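**Q** Note that my numbering has the sequence shown beginning at 970, numbered continuously upward.
Worth flagging that the hints you see were computed from the coordinates, not collected in a lab. Small disclaimer: the values here were computed from a predicted structure and weren't measured. Take the hints with a grain of salt, since some may be wrong.
Stated by the list, open to error - The calculated label-pair distances, taken between Cβ atoms and stated as ranges, are: (1) N1148 - L1012: 36 to 46 Å; (2) N1116 - I1161: 18 to 28 Å; (3) N1123 - K1191: 16 to 26 Å; (4) N1091 - N1047: 29 to 39 Å; (5) N1091 - K987: 12 to 22 Å; (6) N1048 - E1164: 46 to 56 Å; (7) N1200 - D989: 51 to 61 Å; (8) E980 - E1164: 37 to 47 Å; (9) F1106 - R1058: 26 to 36 Å; (10) K1125 - A1060: 34 to 44 Å.
Said to hold, decoys possible - With a straight-line Cα cutoff of 27 Å, these simulated DSS-like cross-link-like pairs (lysine-lysine) come out: (11) K1136 - K1115; (12) K1002 - K971; (13) K1023 - K1136; (14) K1014 - K987; (15) K1136 - K1191; (16) K1079 - K1002; (17) K1115 - K1198; (18) K971 - K985; (19) K987 - K1087; (20) K1014 - K1002; (21) K1013 - K1002; (22) K1079 - K1025; (23) K1004 - K987; (24) K1014 - K1061; (25) K1025 - K971; (26) K1115 - K1025; (27) K1136 - K1021; (28) K1019 - K985; (29) K1136 - K1025; (30) K1061 - K1021; (31) K987 - K1079; (32) K1004 - K1014; (33) K971 - K1079; (34) K1125 - K1196; (35) K1021 - K987; (36) K985 - K1013; (37) K1019 - K1079; (38) K1025 - K1198; (39) K1019 - K1061; (40) K1028 - K1004.
We put the beta carbon where it would ideally sit given N, CA and C, even for glycine.
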Amino acid sequence: MKLSVTFNNVEIIEIKIKRDPNTILDYLYVVFKEKNIDIDEILKKTNIIKFKFKNKHNKTIRYNELIFTTEYTFFEINNNRIELIGLLRSAKNVQSFHQYDIDIFYDWSKGLEYDLIKIDDNEFKRQYFFCCFLWNFGSYRLNCNKNLSIDCSNIKSDYDFYYLLGKTLFGDRGYLGSNLDSLEDSVIDFVIDNENLDLKSYTISFFNFGLLEDYLDINALKLILGKTKMNLIFSLNASPLSEVF
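Start from the sequences and build out the full structure, keeping to the hints where you can.
**A** Structure, rendered in structure tokens:
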């Protein structure tokens, strides 16, 4: 993917916005892509930062559009890069901006992926799922092996389970919900998008499924997963003795 971010229609390659809960002004840091820009023409009375990218289904996703004014703003040249540093006063949508989203999108555009099992920051995980939702938006069409398995032995939170579920079905950045409610909503679309497939010919084996009791209502989870119409095998531990659902 390629994330496109523009500041008043001038492309930027890095952005940081840090909120101060004690003031109405937020810290702003921007790095411009081009080195030969007219800095006198960049700042306006009202400024706009736009974010967009094409997801895995080639749909254009317009992630956000920030509208704001600036104060105490100046430009610097560091390592042959033009940087803008200052404070912004929100006019529209800045409160909905999340730095984790942009960091994730930039990393994806560089070909970097995340292993959520190794990450303990739940706020990051929540935003990761939001990014995955946008990345997959438009289709839950399956294109994977018909015999799948998920080992729950290393799971430390409900987010870890949803991460493994999405990745197992759709690969890196896969998404099929991040809680029971969004899982149920996603399963409805999943069944519709795969109506031409024989979903009963797909099998997912869940090993050490009993370990999820600390994080999820596993009975509710089974009922929702059952709506996928796939063949589900739940092993409470790593043994072959299992419950077919």
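**Q** Check each numbered hint from earlier against the structure, then list the numbers of those it violates in ascending order.
**A** Result: hint 40 breaks, nothing else.
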